[in-house]
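A.B. asks: Sequence:
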Amino acid sequence: MGHVVGVIGGGQLARMMIAPAVELGVELRVLAEEQGMSAALAATGVGDYRDQDVVLAFAREVDVITFDHEHVPHDVLRAILAAGVPVHPGPDALQYAQDKLLMRAKLEELGMPQPAWAAVHDETELQAFLDEHGGRAVVKTARGGYDGKGVRVVSAPTEAEDWFAALAEFGDGAGSRGGALLAEELVDFTRELAQQVARRPSGEVVAWPVVETVQRDGVCAEVIAPAPYSSEKLIEVAARIGVEIATGLGVTGMLAVELFETSDERILVNELAMRPHNSGHWTQDGARTSQFEQHLRAVLDLPLGDTSPREEWSVMVNILGGPAEGALDDRFAAAMAAHPSVKIHTYGKAPRPGRKVGHVNAAGDDLDDLVYQARAATAFFQ
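So the working numbering is basically just the index in the sequence shown, starting at one, shifted up by 257.
Fair warning: there could be bad hints in the mix.
To be verified - Cβ-Cβ distance ranges computed for the label pairs, FRET-style: (1) 362 x 521: 34 to 42 Å; (2) 313 x 418: 39 to 47 Å; (3) 349 x 492: 28 to 36 Å.
Since the hints were derived computationally from the structure, they do not count as laboratory data.
Don't be surprised by glycine CBs; every beta carbon is placed ideally from N, CA and C.
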């Protein structure tokens, strides 16, 4: 097709866009943060995504800019647009993934169901929130947190005093000193869900089945698609929430909406990600159109693909940490030999405790067996 897509960020999400880009006839170029990152195969540049000159030089060589992460500064995004290069998702949408306080306020404006929340500027305001919500709360930094970072469960304001001190001294990451933290009610949820949708600039929106996610130490460990024991109402509500958020925020590309399900079948919005997301990795082998292909279609404003599952069930299990000793290639081969029905995806990353270095997908009609096969394959990498 002759399209050139530029991806800012050289992590595993950019890496997993390479294969569908080849299949679509799209040239993928990546601006990586450093040499040897996951997406090195497509890295045509290395530089700081916060440096406007570096990013503009990269952007001028492509047809559209998209992202492996949401951390590119707002002024850099605006400069890309001013240079005449489309940005998807654009800064007006991306701000809600970059700043959790903005996100909560916008979701409230859109009438989306979410936990009780407040912007707290000091320990006195946090204490007032604790008093109103049972003495415990989730406190988050407004910007920069992911995979459990920037999130604490607290029962006293002193447990966040270092964050308040950092706000007073360094600001909120957007140049504003004396900013606020986000306090949220500690939701008594029964499980966590995720809803993936994709939206193209001309307005077409599609949704995948809602999935169940299992978190360990704040990091996604497993995903089951579709979410088991889901009523038709839950499936419809989750999809409607995803579509309405994508439309209301003007998201272009992939959107993942992380959700809480409560014992009384309420669905509450937890977090947003405007890019391919860990909870959608199952789509590589379990859906007719993967989230990575769909993201490329969407940012290029091409017709979106079928999101229906290929099999009754899909299971994704993350490979976390990786082997402390021994060749990764040897373990890869052993896992493939022992579990030929699964698909193993590695990210080209050096092992490190808790680090996502790959994932395993299994798809079929026996959920218990799929969970076993996927977990057993990942065990070879521990």
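A.B. asks: Assuming the hint says 28 to 36 Å, is it satisfied by the Cβ distance from residue 349 to residue 492 or not?
C.D. replies: Given about 30 Å between the Cβ atoms, the range holds.
A.B. asks: With 34 to 42 Å as the target window, see if residue 362 and residue 521 comply at their CB atoms.
C.D. replies: About 26 Å separates the Cβ atoms of residue 362 and residue 521, which means 34 to 42 Å is violated.
A.B. asks: For the range 39 to 47 Å, tell me whether the beta carbons of residue 313 and residue 418 fit it or not.
C.D. replies: holds, 40 Å
Hint 1 from the earlier list is the only one contradicted by this structure; the remaining hints agree with it.
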